[in-house]
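Trainee: Here is what each chain is made of, one letter per residue.
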Amino acid sequence: MAIDTSVSEFEYPGEEDVGTPAKPPPVWRRSAWLQPNVLWAIAGGVIGYLIGHWLGNVIASGYQQVQSSGQNNVAIVLGLSLGVAGWLAGIGALTYPLAKILGYEPSPSPPQQSWVRYFRMTEDHKVVGWQYAIGVLTFLFTGGLLAMLIRTELLSPTTHVFGPGTYIFLVSEHGTVMMMMATSAVVGPLGNWLVPLMIGSRRMAYPRVESFSFWIFMAGYLVILSAFFFGGFPTGWTGYAPLQTQANGGMDSYLVGFGVIGLGMILAGFNLAATIINYRAPGMNWGRVPIFVWGILATTALLTLATPTLVVAGLFGILDRTAETAFYVNEHGGSNFLWQNLFWFFGHPEVYIMALPGFGIVMEIMPVFTRKPLFAYKVAAAGMLGVALLSFFVWQHHLFQSGINPDMRPLFMLTTELISIPTGFLFLVTLGTLWKAKIRFDTPMLFCLGMLFNFLIGGVTGVFLSDVPVNVTVHGSFFVMAHFHYTIMGGLIFAMFAGFYFWFPKITGKTLNRKLSKWHFWTFFVFFNCTFFPLFLVGILGMPRRVFEYASNLQTLNDISSISAYFLGASFFFFIINVVWSIYLNPHPAPDNPWNSLGLEWQTPTPVPWYDFEHIPVVLNDPYHYGEADAPPVADLGKVLSAVGAPAGSVSHEDLGTGVEGDGDPRPPIL
Amino acid sequence: MSDKDPPVGSEQVPAGTGAPGAADPGAPAADQTHHWWRLIAIWVVLSAILDPLFYYLAGPHIPPGTMTNMAQGAQFDFNVLFVIALPVVLGVWIYLIYAIVMWRASRGGPEPVAGPYSRGHLGIQVGWIVSTTVIVLFLAGFGTYELVQPGGSGGGEGSSPIWTPTSQTILPVQVIGQQWKWTYRYPTFGGFETDQLVLPNDTTVEFNVTSLDVVHSFWAYQLGVKADANPNYNNVAYATTQQLGSFTVRCDELCGIWHGAMYNTGQVVTRQQFSAWARLTAFRLRKNTRLLPPYALTYTPDANGADGGYYPNNADPYSKVEQYGATPSQGGG
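Protein sequences, first through last, are from chains A and B.
End of the first sequence sits at 759 in the numbering used here; the numbers just go up one at a time, nothing left out.
End of the second sequence sits at 339 in the numbering used here; the numbers just go up one at a time, nothing left out.
A hint or two may mislead.
Unchecked claim - Among chain B residues calculated to face chain A with C-beta under 7 angstroms, some are:
#1 Ala-47
#2 Ile-48
#3 Leu-96
#4 Arg-110
#5 Gly-129
#6 Phe-144
#7 Gly-149
#8 Gly-162
#9 Pro-178
#10 Val-179
#11 Asn-241
#12 Gly-266
No lab work stands behind these hints: they were computed from the structure.
In this text, all values refer to a predicted model and were calculated from it rather than measured experimentally.
Beta carbons are placed, not taken as given, at the ideal position from N, Cα and C, and that holds for glycine.
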């Protein structure tokens with residue numbers, strides 16, 4: 089045994105092999121209101137902002153404030169930064185590190201079980217996962233409402249609902265909230281909730297960092313939204329440089345927000361990577377790791393390696409705007425190309441930060457509903473790692489017409505085309521899994537098939553964009569806009585909902601209403617395609633992105649898209665009603681394993697106890713032995729021994745080892 | 007596994023189905039349907055019908071048209087990519103529909119295969135990887151040829167382009183973007199600056215695109231030309247006109263609040279009309295031309311440009327009196 093996860097130097101509650109959950113020792117506690125919670129965080133954020141704003145006005149009054157926008161960028165940046173620090177202090181994120189620094193040994197306490205735990209720092213990965221889920225849905229609905237406003241403006245080519253400034257701000261805020269918040273955080277809910285359960289661990293590697301990454305994400309959300317109070321920003325989510333330097337106070341929210349969110353992404357990535365690498369249960373070798381975990385592992389490489397570039401780029405932007413440096417100012421020795429390079433060096437891997445968890449979810453769910461093993465498991469894992477690797481070498485395809493490194497265009501055309509090979513493995517694996525299957529069309533499966541349909545369109549149109557001569561026409565038009573909505577919304581968001589419907593019974597212990605689920609899928613799928621397919625045509629017919637006026641002959645197509653978009657937005661009511669109905673109004677307890685899945689996470693009782701596993705499981709097989717007459721159990725959960733009369737724990741699980749079940753793997757249980 | 011890779015799929019099929027029974031050893035004898043051959047037949051028929059239909063009926067009308075050689079090149083590339091992509095998409099869709107219809111649990115369906123091939127099939131995996139690689143390498147090679155051969159394919163080629171057209175006579179036109187309008191200078195006609203873009207037919211035009219403030223993108227839609235306008239940077243794009251008519255110019259890079267209103271219309275006219283227009287305009291604007299900075303590939307933004315400054319919240323780009331951009335420095339100078 090190289091690593092025994094059941095014993096650890098650090099006594100984390102639940103770390104020891106408890107037969108029955110030990111009752112928490114009676115300790116004196118402060119009232120929940122007085123402990124750090126989200127209310128204190130809000131108070132801390134407000135106080136921090138006011139202090140920072142005052143400080144900024146003291147040190148820089150009359151310096152930036154004289155600019156015609158009338159806003160003091162130094163005050164805004166300092167206010168937002170100290171506001172985030174105050175938020176983190178209020179939520180209690182600084183308590184533990186400060187106590188350690190000052191020499192106190194904080195006493196660990198078992199996780200709270202009341203509803204209060206959802207509004208606090210917590211060390212239970214399932215609570216953090218659920219917090220992330222609510223967070224991501226909040227971001228998604230915020231961005232979705234902004235999208236409705238954008239489509240409203242585009243109903244008519246000339247009549248305007250919003251002024252041009254408001255319109256550009258809505259577009260920018262929609263893009264920023266969707267790209268940076270809703271979809272970057274998507275590794276959060278399922279990643280934090282599922283990864284420990286899937287690899288047979290009771291915890292994440294760094295539980296405090298896990299909770300920290302969620303709460304700093306929420307701070308980032310508020311910072312991005314604070315742009316509303318500073319007059320918005322006109323740059324879109326890409327924030328191209330001279331315009332960024334020129335823009336008014338909302339731009340500070342964007343730059344500080346990117347730094348804050350970037351920090352959360354880096355920490356979440358390190359935490360997930362450390363967990364996957366070090367906290368796998370005995371027997372969970374790399375050949376048995378569920379494919380979803382492979383997807384998350386590939387994503388963590390991007391989160392940890394690409395995101396720092398964004399944080400640094402944002403810092404340069406802040407310095408340009410406050411300290412009058414010239415990183416992005418051409419006349420003073422900087423370059424507007426620098427921002428474009430740094431931004432897209434992060435921005436393209438970012439696209440796969442969204443796509444890879446989606447691939448993982450779809451490939452994880454498919455075998456359950458086809459009752460077949462996953463086809464070409466190794467190709468699937470290699471494909472996702474290959475996508476992660478190649479995604480660092482394609483960023484300049486966003487800049488084909490910009491005049492930056494024009495001689496490199498053939499190279500970036502080649503790398504961009506090449507990335508479609510590992511991406512195509514998704515189809516090899518899923519279509520192979522469908523071959524002569526026994527398909528059950530439950531809602532998660534419908535979402536998976538919908539994802540394949542949409543993502544194929546998104547992927548194939550990507551090939552058009554990568555071809556430089558065609559790119560001359562479609563770059564920066566609604567064609568590219570439709571393309572990435574097909575890959576991100578049609579791909580990732582569909583996969584996310586597939587995962588949500590699939591794991592909902594395990595997460596909440598309740599069964600969702602079948603009819604409402606299917607209504608949600610069909611309305612979502614149909615109106616998604618009706619909304620975005622016309623935009624491909626609008627794009628090649630010559631409509632640039634982010635404009636509020638367009639040629640009048642494009643009105644019909646735009647109106648089809650806008651009206652479908654309203655129905656698309658309305659389809660989410662099925663989802664919301666369904667969740668509220670199934671959890672609160674008409675709850676039906678879910679069985680432990682409603683889909684009859686072999687996955688390790690389904691072998692736990694529902695609802696999952698806070699210590700996850702009664703005994704650390706010994707993994708015996710990969711979870712894809714579907715369709716076999718006597719499918720071997722995926723793991724020994726300690727119950728087998730109890731069943732034959734041996735007291736639990738009296739025989740080391742190591743005795744079982746691997747190879748016992750005859751899977752022909754002579755290697756030791758842990759690689 | 008089936009025809010997921012149509013263009014070379016037919017070559018791969020024998021590898022997978024050389025022994026039809028081998029692919030599904032555990033399957034009952036009743037399920038010896040030739041799924042492979044059915045799928046391939048449907049796919050070949052549909053592709054053979056739809057591909058030529060697209061190429062010959064829709065192909066000639068695909069934007070950006072044939073107004074310049076660059077536009078025509080982009081149209082040709084689009085059509086070639088479409089003809090390759092359509093069978094790929096059809097292959098996956100046909101397979102998905104076939105699977106949904108044939109292998110649904112409610113029909114009873116065959117028992118799922120549990121043999122070794124359900125976990126992977128070397129021939130199919132290798133065939134898939136090889137065929138996608140071949141397609142992808144072909145597309146990259148084709149795209150590179152189409153980029154290099156006509157001289158940059160109409161895209162922005164930076165300040166020192168290495169792929170240039172072979173034509174001997176090239177008309178240089180400078181495109182200047184600023185918040186929020188396009189103006190054009192004709193250096194070979196005295197360097198006058200106008201907001202009308204008029205080009206002669208049958209002529210290779212060299213667009214020198216630059217900006218006075220933020221990043222814009224010069225998109226002459228029907229000409230198949232797109233080049234970012236960067237401040238202090240000359241971005242060159244080429245196109246050879248081959249049809250008379252008017253075309254739209256739009257800004258294609260978000261450049262501030264009036265980005266959506268930054269467009270105008272240009273004309274391709276005969277050579278005689280062009281030289282008449284150019285001489286007349288040069289004469290009409292001669293006083294303005296004397297006040298302009300001398301023709302250069304880039305211009306340093308002045309205080310009235312918006313670069314580095316802040317525009318007022320109520321800036322009106324069409325105002326005759328308001329100066330937008332950085333506030334003039336207040337004394338001390």
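Trainee: Work down the list of hints and note, for each, if the structure agrees.
Mentor: Evaluated hints:
1. Ala-47: Interface hint status for B:Ala-47: violated (17 angstroms vs cutoff 7 angstroms).
2. Ile-48: Violated, about 15 angstroms.
3. Leu-96: Since chain A brings no Cβ nearer than about 10 angstroms to B:Leu-96, farther than 7 angstroms, the hint is violated.
4. Arg-110: OK, holds: B:Arg-110 within 7 angstroms of chain A, min 5 angstroms.
5. Gly-129: Where the cut-off is 7 angstroms and the nearest Cβ of chain A is about 12 angstroms from B:Gly-129, the hint is violated.
6. Phe-144: 9 angstroms, violated
7. Gly-149: This interface hint holds because 4 angstroms falls under the 7 angstroms limit.
8. Gly-162: Since the shortest Cβ distance to chain A is 4 angstroms, the answer is holds.
9. Pro-178: 16 angstroms, violated
10. Val-179: 16 angstroms, violated
11. Asn-241: 4 angstroms, holds
12. Gly-266: Interface hint status for B:Gly-266: holds (3 angstroms vs cutoff 7 angstroms).
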